[in-house]
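So you can see what is in the structure, the chains are spelled out below.
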Amino acid sequence: MTVANISMAQNGTATTTKTTFSRETTVSINIQANQAIVWSLLTNASDFPRWNSTIVSIDGNIALGEKIQLKSTLDTTRTFKLKVKSFEKESSLSWGDGKGDRTYTITPNGTGGVTFTMTEKIGGLMFPMYAKYIPSFDESFEQFAADLKKEAEIINQTK
Amino acid sequence: MQTTQLTNEFLQHKGQLKSFLLRLTASVEDAEDIMQDTYIKAAEKIESFRAESSLKTWIFTIAANLAKDNLRAKRRWTEDVTDQGKAAALTDKNFFAEAMQIRMTSPQGAFEIKEHITFCFTCIAKSLPLEQQICILLKEVYEFKVNEITEIVNTTEAMVKYYLHTGRAKMIQIFEGRCALINKEGICHQCTELNGIFNPQQNHQEELNKIEMAKQAHNPDKEHLFDLRMQIVQGIDPFESPSAELQLHHYAHNSRVMENFLKKNEV
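These protein sequence lines map, in sequence, to chains C and W. Per the numbering used here, the first sequence starts with residue 1, numbered consecutively. Per the numbering used here, the second sequence starts with residue 1, numbered consecutively.
Worth flagging that the hints you see were computed from the coordinates, not collected in a lab. Check each hint, because a few of them may be wrong.
[Stated by the list, open to error] Think about it this way: if two alpha-carbon atoms lie no more than 20 Å apart in a straight line, the pair counts; the simulated EDC-like pairs of lysine to aspartate or glutamate are: (1) Lys159/C / Glu143/W; (2) Lys222/W / Glu24/C; (3) Lys14/W / Asp37/W; (4) Lys132/C / Asp97/C; (5) Lys99/C / Asp47/C; (6) Lys263/W / Asp83/W; (7) Lys159/C / Asp33/W; (8) Lys81/C / Asp59/C; (9) Lys184/W / Glu223/W; (10) Lys150/C / Asp221/W; (11) Lys56/W / Glu143/W; (12) Lys159/C / Asp83/W; (13) Lys222/W / Glu79/W; (14) Lys89/C / Glu131/W; (15) Lys14/W / Glu193/W; (16) Lys150/C / Glu90/C; (17) Lys149/C / Glu90/C; (18) Lys121/C / Asp75/C; (19) Lys89/C / Glu157/W; (20) Lys159/C / Glu131/W; (21) Lys86/W / Glu245/W; (22) Lys150/C / Glu157/W; (23) Lys81/C / Asp101/C; (24) Lys18/C / Glu139/C; (25) Lys159/C / Asp227/W; (26) Lys215/W / Glu193/W; (27) Lys184/W / Glu206/W; (28) Lys121/C / Asp101/C; (29) Lys149/C / Glu157/W; (30) Lys150/C / Glu185/W; (31) Lys159/C / Glu151/W; (32) Lys159/C / Glu157/W; (33) Lys68/W / Glu98/W.
Based on the provided sequences and hints, a complete structural model is requested.
See below:
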C-alpha cells in the first residue's frame, strides 16, 4: 500500500490493491471511544444488524474456533460460512473461509480513542477465474467503518 | 460504621432493593431470600465498608452479586414472554378465577394499565443478557450513576456504557415491534385487554389518555417514548402499589410459563 493510500484509509476511505491472484481491501478510521466498546460491538454477533447497515445477519458465536454464518448487504442471497481464526481480546480478530480472510484490529491512538482497521484479502490460484464476479468492497467497507465509529462514539458518550 | 447505622440505611432502601430483586428474579420468595442474605452479608462485612461509595451502592453491590448466582435471575426469558403467558392463561381455567378473586377481595387487587406496563417491562427485560438487565434497571429505574453501576456490577465504565446502550436499544426495538400503545401496528394489546376484563366499566381510551407515553405515541422519538415508559416503571413499587397482589400473581404465572418453556426447549 502506498503512503497516499494509507492516509486515505485512515480517514475512513477504503483502498483496494489487486494482483493477478489476490485482491485486498482496507479501511481504517479513528474512533473516539474506549477499546472495550469497539471490541464488544465487533464480537456481539446478534447485535450487528442493529448498528451496522452492511450486515443483514450474523448467526453464531464470535469466539476463537467458532463457526459463524454471515449475510451481507453486498449479496443478500448468499450466506457465508466462516470460521473465527484469531481472537485477541480487545485488539484483533479475524474470520474467513478458503477463499479469503477478514481481519479487524483495534489500536489505541494515544488520544483516548482507537484506530480501527479492517482488511479483507481474497485470492488463490483460482482467483483469476472468479475475480470479475466479486463486487467491489470499497463502499461497503467505508459504510462499515462509519457505522462502527458512529455507534461506538454514541456509546462512549453515555452519561 | 455501626450495625445500627447499617440497619437504618438498609431499611431506608429496602423497598427499592426488594423491587430490584423481584425484577431480576420474577419471584417474591427469591427476592425476599436474597434481600435477607444481603443484609446478613452486609452486617458481617460492615467493618470492611470504607465509605468509598455510598452505603446504598455498597448494599446493591452485595445484592447484585447474590442475584447473579440465583438460578431464577440467571434464567433468561424470551421476548414473547407476554404472548406465551397469555396463551397459557387462556387454557388455564384457574388463572382468571384466581385473578378475579384477588381483584374482588384484595386491597391490592386493582388493575391499572400503567401497572401492567411496568409488569410487561419487567418480563421483557428478562430477555436481555443478565448484565444488560442489571445495568438497565440500576440506571433507568433506580437512577444510579454510571460510576456507581460500574462498582455494583464490577466491570469497567466502558462496559457499563455498552450494556446500557445496547440493552436500551434492544428494549426500544422490542417495544416498537410489540406494544400497541406506541405503535398502531403493535401486536400486543394485553394491557387494554386485561383492563377490559378487570375494569369492564372503564373506557380504556380514557384510561390511556392519563398515560403520557400513550398520549405521545405519535412521537417519532423512540428514545423519548422509552424514557416515558421508564418514568412509569420508576413510579411503581411492585410490592406496595394498588395493583401489587394482582401483578405478583401475573409474575408467578409468567415465571411458571417460562420455566416450563425453557425446560421443554432445554435453553
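Straight-line Cα separation of Lys184/W and Glu206/W no greater than 20 Å? holds, 17 Å
Given hint Glu143/W paired with Lys159/C - CA-CA distance at most 20 Å: Distance ~12 Å between Lys159/C and Glu143/W Cα, so the pair holds.
If you draw a straight line from the CA of Lys184/W to the CA of Glu223/W, is it 20 Å or shorter? holds, 17 Å
Starting from Lys263/W, check that the Cα of Asp83/W is at most 20 Å away, please. Holds, at roughly 18 Å.
Against the 20 Å threshold, does the CA-CA distance of Lys121/C and Asp101/C hold or violate the hint? Distance of about 6 Å is within 20 Å: holds.
Verify the proposed pairing of Lys222/W with Glu79/W, using a straight-line Cα cut of 20 Å. holds, 18 Å
Does Glu193/W lie within 20 Å of Lys215/W when you go C-alpha to C-alpha? The hint holds at about 18 Å.
20 Å limit on alpha-carbon distance, applied to hinted pair Lys132/C and Asp97/C: holds, 19 Å
So if I understand the rule, the pair passes when the alpha-carbon distance is 20 Å or less; does Lys89/C with Glu131/W pass? holds, 19 Å
For the pair we were handed, Lys159/C and Asp33/W, check the Cα-Cα distance against 20 Å. violated, 33 Å
If you draw a straight line from the CA of Lys149/C to the CA of Glu90/C, is it 20 Å or shorter? holds, 16 Å
Regarding the pair Lys14/W and Asp37/W, is the alpha-carbon distance no greater than 20 Å? holds, 13 Å
Checked against the numbered hints listed earlier, the structure breaks hints 2, 5, 7, 12, 15, 30 and 33; every other hint is satisfied.
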